[in-house]
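Chemist: Here the structure of chain A is known, so what remains is to put chains B and C in place on it, guided by the hints.
Protein chains in written order, with the working numbering: chain A, 939 to 1092; chain B, 8 to 128; chain C, 211 to 719.
Certain hints may be false.
Computed footprint of chain B on chain C, listed as stretches where at least three residues anywhere in the stretch have a Cβ under 8 angstroms from a Cβ of chain B [to be verified]:
#, stretch
1, 348 to 354
2, 362 to 369
3, 374 to 382
Since the hints were made in silico from the structure, they are not lab data.
Virtual Cβ for every residue (Gly too), placed ideally from N, Cα, C.
Residue strings, one per chain:
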Amino acid sequence: MNGMTVIVKTISSWVKVLIIVFGVYIVLFGHLTPGGGFAGGVILASSYVLLMLAFGRRFVEDNLPLSLASKLDCLGAFLFMIIALLGFAYGGAFFANFLYRHYLPGDRFALISAGTIPLSNMAIGLKVGASLFLVILTLSVFRPSSDEPGGRGV
Amino acid sequence: MAYALCFLLFVIGLYCVVVKKNMVKIVIGIMVMEYAVNIFLIMIGYRAGGRAPIAAADDVLAGGGLSDLFVRSCVDPLPQALVLTAIVISLGSLALMISICIRTYERYGTFDITEIRRLKG
Amino acid sequence: MIVPLPAFIAVPLTAAFVLPVFGRRGRSAATLLANIVTISLLFMAVSSLNQSRSYEVGRWPIPLGINLVLDGLSGLCLATIAIVACGAMLFSASYMERYTAKCKFYSLFMLMVAGMNGVVLSGDLFNLFVFLEIASIASYALVGFGTGPEELEASFKYMVLGSIGSLFVLFGVALIYGNTGSLNMAYVSRAINESSFTPAVGFALSLFIAGFGLKAALVPFHAWLPDAHPSAPAPISAMLSGVLIKALGVYALARIVFNVFGISVPVAWVLVALAVLSMVAGAFLAIGQWDLKRLMAYSSISQLGYCVLGIGLGGLIIASGGSGRQMTWASLAILGGLFHLANHAVYKSLLFLTSGSIEMATGTRQMSRMGALAERMPLTRAACSIGSASIAGIPPFSGFWSKLVLVIAAVGAGYYWVAAIIVFVSLCTLIMYLKVHRYVFLGEPAGGQEKLDRVVEPRGSMAVAVLMLACLCVLMGLLLLPAVRAVVLDPAAEVLTSGLDYSRRLTGL
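Next up, chain A with everything else stripped away, as it sits in the complex:
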């Protein structure tokens, strides 16, 4: 896949920055405005979809290799579990919002408030973005005029 014309490539390399910033905004402000981890993660993944359509699949694979995306995926989920376990250690129950209750209540409607919820949003945003990137990139390998249809059944 070679991608599209020069005009599309130039514009999309500018627009990609806007999309990523917008996705990070949705993730970070998830406790104040609608959105949160999942919606922000989908927007982050869609910036890579734009790159894949404009530049071609090989460019995106060199930019963010599949193995690195897989490790980011596991890292995001692992961070989420760490936050839950910290709630168990410091707050008394699993997933307890220990930051809000004991350490850092924060002001209402400010960015730093609501305890562990922004941290959970960030972990989920990382995981969902990496997962959707992997899914779309893996599904795009399909070539309709493929060789033999025989499978390697075990």
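Modeler: Just chains B and C now, with coordinates in the frame of chain A:
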């Protein structure tokens, strides 16, 4: 009345899964059923003339609770959280279904389920 | 040792996120980690038997928050899941070497175990649905793990029907929320039983029975099982047939019908009818099969009918106004059903693991192409004989005791036709496993003597797993001893016979 329309959409999706022969159309039928259940779940939380359950600065009392007017006029936020979760689950399910369809096309050469019938008995 | 309840879900879930990092070169480290996790789950589950507590996640009190509830029925299911997961994981250490993505297999396996533990522990209806979907989606991926053409076809069929079942459950949860205003099982139970039974709530109950019945493969909804279970790799067949259809199907059905809605006569008759249909249809369809794993899959349908029959019969006696002597027959029937659930998990997973050994040794699943394997695979033959004797109900193996309890309960309560059907289906089960032994282990080698000489007995971790499950088959009959029964089975039966006390205990009224 609107609930009956949701149920009609669910039945349309079920009809699509049962009758159609193309694998991708069956997957689309399952997605239509999914949308019908999500819409039903949101409509259950609806309150006529309500506003979005997002508190602004003047909906919060000084002591820390929510003002009574806000609670009495906003729609129920719990079904919206349930629908978010259900949408994420259906995304994962859809990704798996489409990848199985693609791999099956690579093995059998067709999307027609009447020809994909090696398992019998 | 008091194990915090979220640990049952958090430990396999964390393992599922850590395992894909290992890659191809860290395969042995991944195997070691996965086995450590399943063995520790086994210890945690056994130490949580005969306890009754509720854990509020995030320290939000119910009904604002989600709680995890451990009582007798959950404890029994947790122990069963842990035992079968341990056996299947030990077996897959050598069996899965033939597949390329072994670490991803372990990750999906751990996700499935975490989902099943979540279904069994959940005290909230929507949380039950979420964990149901986690376990189901992991199992759809695992059925098609070999990515051969038949595996993919089976996985697609399983996936379409499984998704429809989950959507029925979600629709039911939505209706329940609209009618009662709460999602917590205890509060829903209180709301339904204090007001009248509106048609919407009745429709939600029928949606639940259809959805969970589809997950449990009861007979009108069984179409996915004979394709999915044979096509999966052998340890996954063991897990699917042994615990997945029980944790997602029978447990959820029992919990919803007995503890949330309250048992009533028409619902109990529906359960008994579905169970009898499953028993008879499964047995008849299995006898004519020539594919070894397909025969075992149909016999799973039949045996699951026994579990639902025990539970349905007990519910029928309770709902028909039983008191005094009738209640002992009801609790005996429910005890028989739950004991059969645990038994079937152990011996069906043993049978599927031995069929995996046979498939690995001979390269085929068709019984007409095997023969005279007894001289080359003595351990597999002994294990398969123990499993077949258990499932057919031959004393002193475990299957005999649970079927005996069911027959005694049916006769004592006056349902003689039910007892006759139980004995008849046991005879059919004996016939089908005699067929397995005749064509697989005895007789003439179908491929000729040279092909037979290349057959080799599986060794190492596969043998250990098979031995462990075979010993359990023999020892499970001891669960009926009064001292052991009071710890394992009686609390589970007590949860179902006392029905609506679940909600009274949790809401404090």
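Chemist: The structure should be examined with respect to each hint, and the outcome stated for every one.
Modeler: Tested hints:
no.: 1; hint: 348 to 354; verdict: holds (count 3)
no.: 2; hint: 362 to 369; verdict: holds (count 6)
no.: 3; hint: 374 to 382; verdict: holds (count 4)
Checked against the numbered hints given earlier, the structure satisfies every one of them.
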